[in-house]
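Participant: Okay, here's what each chain looks like letter by letter:
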Amino acid sequence: MGFFVVCGVTDLKKTILAGSLFAFAHAASAQEPFKPEQIRSGSETYARHCAACHGPRMANPEGASDLRKFPRDQRERFLASVSKGKNAMPPWGDLLKPDEIDALWAYVATGGKN
Amino acid sequence: MRKLLGTILLAAFGALAHAQTQQELLRDGNGGSTDNVLTYGMGYHQQRYSPLRQISKSTVKRLVPVWSASLANEFGEQGQPLVYNGVLYTANVKRVVAIDVATGRQLWTTALEWEPAVARVVCCGLSNRGVALYNGKVFVGSVDAHLRALDANTGKEVWKVKIAEWKEGYSITSAPTVANGVLMTGMTGGEYGVRGFVDGYDPDTGKHLWRRHTTAGPGEKGNETWPAGDAYLRGGGSTWITGSYDPELDLVYWGTSNGGPWTATARPGDNLWISSVIAFRPKTGEMVWHYQWTPAETYDFDGNNENVLADIMVGGVKRKVLMHADRNGFLYTLDRTNGKLIAANPYVNVNWAERIDLATARPVETEVAKRLRAGEKVEVRPRWTGGKNWMPMAFNPDTGRLYFAMLEETSVYQLNKELPVYKAGERYMGVENTTAPRKPGEPWGYFGALDPLTAKPKWKLPLTDLPSWSGMLATAGGLVFSGRPTGEFVAIDEDTGNIVWQFKTGSGINAQPITYTHKGRQYVTVLSGLGGGTSAKRETEGKVLPGGSVWTFALMPE
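Sequence order for the protein chains is A and B. For the first sequence, position 21 matches number 21 in my numbering, and the numbering has no gaps at all. For the second sequence, position 172 matches number 172 in my numbering, and the numbering has no gaps at all.
Keep in mind that the hints were calculated from the coordinates and are not lab data. C-beta: ideal position from N, C-alpha, C; glycine also.
Covered stretches of chain A (chain B as the covering partner; in silico rule of three or more C-beta atoms under 8 Å from a C-beta of chain B):
#1 55-69
#2 87-93
With a cut-off of at most 27 Å between alpha-carbon atoms, the simulated DSS-like pairs for lysine-lysine come out as follows:
#3 A:Lys113 to B:Lys377
#4 B:Lys439 to A:Lys69
#5 B:Lys221 to B:Lys283
#6 A:Lys35 to A:Lys97
#7 B:Lys504 to B:Lys543
#8 A:Lys86 to B:Lys543
#9 B:Lys61 to B:Lys458
#10 B:Lys340 to B:Lys221
#11 B:Lys460 to B:Lys57
#12 B:Lys423 to A:Lys84
#13 B:Lys504 to B:Lys460
#14 B:Lys167 to A:Lys84
#15 A:Lys69 to A:Lys84
#16 B:Lys460 to B:Lys543
#17 A:Lys84 to A:Lys97
#18 B:Lys156 to B:Lys207
#19 B:Lys318 to B:Lys456
#20 B:Lys162 to A:Lys84
#21 A:Lys86 to B:Lys167
#22 A:Lys97 to B:Lys423
#23 B:Lys504 to B:Lys61
#24 B:Lys456 to B:Lys320
#25 B:Lys340 to B:Lys318
#26 B:Lys439 to B:Lys458
#27 A:Lys35 to A:Lys84
#28 A:Lys97 to B:Lys167
#29 A:Lys69 to A:Lys97
#30 A:Lys113 to A:Lys97
#31 B:Lys162 to B:Lys283
#32 A:Lys86 to B:Lys423
#33 B:Lys439 to B:Lys543
#34 B:Lys423 to B:Lys167
#35 B:Lys543 to A:Lys69
#36 B:Lys417 to A:Lys113
#37 B:Lys57 to B:Lys519
Using the sequences provided together with the hints, build the complete structure.
Facilitator: This is the structure in structure tokens:
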């Protein structure tokens, strides 16, 4: 904290920017590359349970959030929302297995592209 | 002794004053006291018309909010409140609330608790469209497929029954109704392979009396319209909008939803009685007649929209009719004594059927429909959400016109090659459906005043910014009340279609306004709270925030 106190405003901005870039790079590097079969499996689960509200292949959502805009660095939030539910989103944790939810994340995070 | 008798009589009278009766139900919206609103639709006929004229075209400029009360609900408000003896009863998916009409203060609230996973089987939005009142009790359904009776004075639960298993896709979003002493509820779940029904209960005890299934089973006439096997058990035909009732004919009229699965290729045949109106006896559930709006339904054209009853002139003769604006884009008038078709005309752009043939009473499907059924991807009008959805219309018996909100959208629709596999409580569709891009400048829909026999508009008000998902209320004051998803509660001149008054409420309006009197003053009440259906959220794109509240209006003194 003392560092910020002695810095000017410009330096502070730079520090925050550098920090965010670092966080982003860290999240990206920590992410496993998704396997094509995982993405395919995720797309099947998506079509069965998610497409009705979030739109076929994530396009034209019916009132639910646009998953094409879901931040790619918020995997944990995605997993929590799917398994425990959030607002009008019901919980799926008792219906979908953890590897199925992981596969959904693979599908959403890659935009369905292998 | 005389004093004691007097006390007993007073107590009995007191109890009577709080125990609304069958006689009052029969007269609601039908010459009864305008202090009360006792039925879904403001009368068993569901005309949503009031003879009140205190608030009129000339006085509406003095219409102001007199109170508002939060409903602490972010899921949306679609309900129609009821009013009895100065108490307003209203419900949403989370609770029932009783409010003092004079002050807007809460008298009691009772929570409707349900497991969050229930939301998986409520296809199109967590909602509750209202309560029923009878003999000192408030009746309410909940999305986990339970029906409750609450004490009207305290909100305390008197009884509760499970009507079906939500884990198998069954839920309740509609208001119950009491007719001929029987409490009835519909259900929803047409996207989950349910078998639709209306249930009858003893309002005093909650004892189950009968079940009127809406897909014809073995041994029933109509079963021949289903393929051999058990497709009828997953055939849909849910009953998610409250039926209307003709006490003289002793017939209840209830609409039924799309088929299950959505793709009709899984269930060759007309599939009675999906996408239909069924007329049955409230005492027994015995079917008397049916009319199918969309045979072999495969478009998600639910036939649930309200059935409005009136006696109107047809070719110089007064007829007992039933009027219905279907999701499929046609406005129907039937003879409600026997279900015979009198008229059917398109009220929005329709491309799946050329017309409804009056001789056969069936739609004549177009090439678009044939290509769709053959597996091609096609553009369908109206979109699956319909030319009109659940938001109810009003009928003014003086003008003879119907007032409602129309939707103009196009879907891109294809039946999947592979038939869907049924799993209890999971989507059972077999269709891929998206929305076609809008043409620049094309209205989302209209408010309109239509002739029931021709569907010709007296006026149409284009809705260019957003469509409307709000019900209508017509009054003898020459006004029609409705709402906008952006929150404006509006009064429309019934002659011209001009909006003559509006007030911006806290959230979007997709509910059902009512009007009534209290101590000689006319009130108008509407719920505000975007949601309850998915479309309003899609269309408003985050520009309107949810949050439920009740708004009550009256004239400011001169």
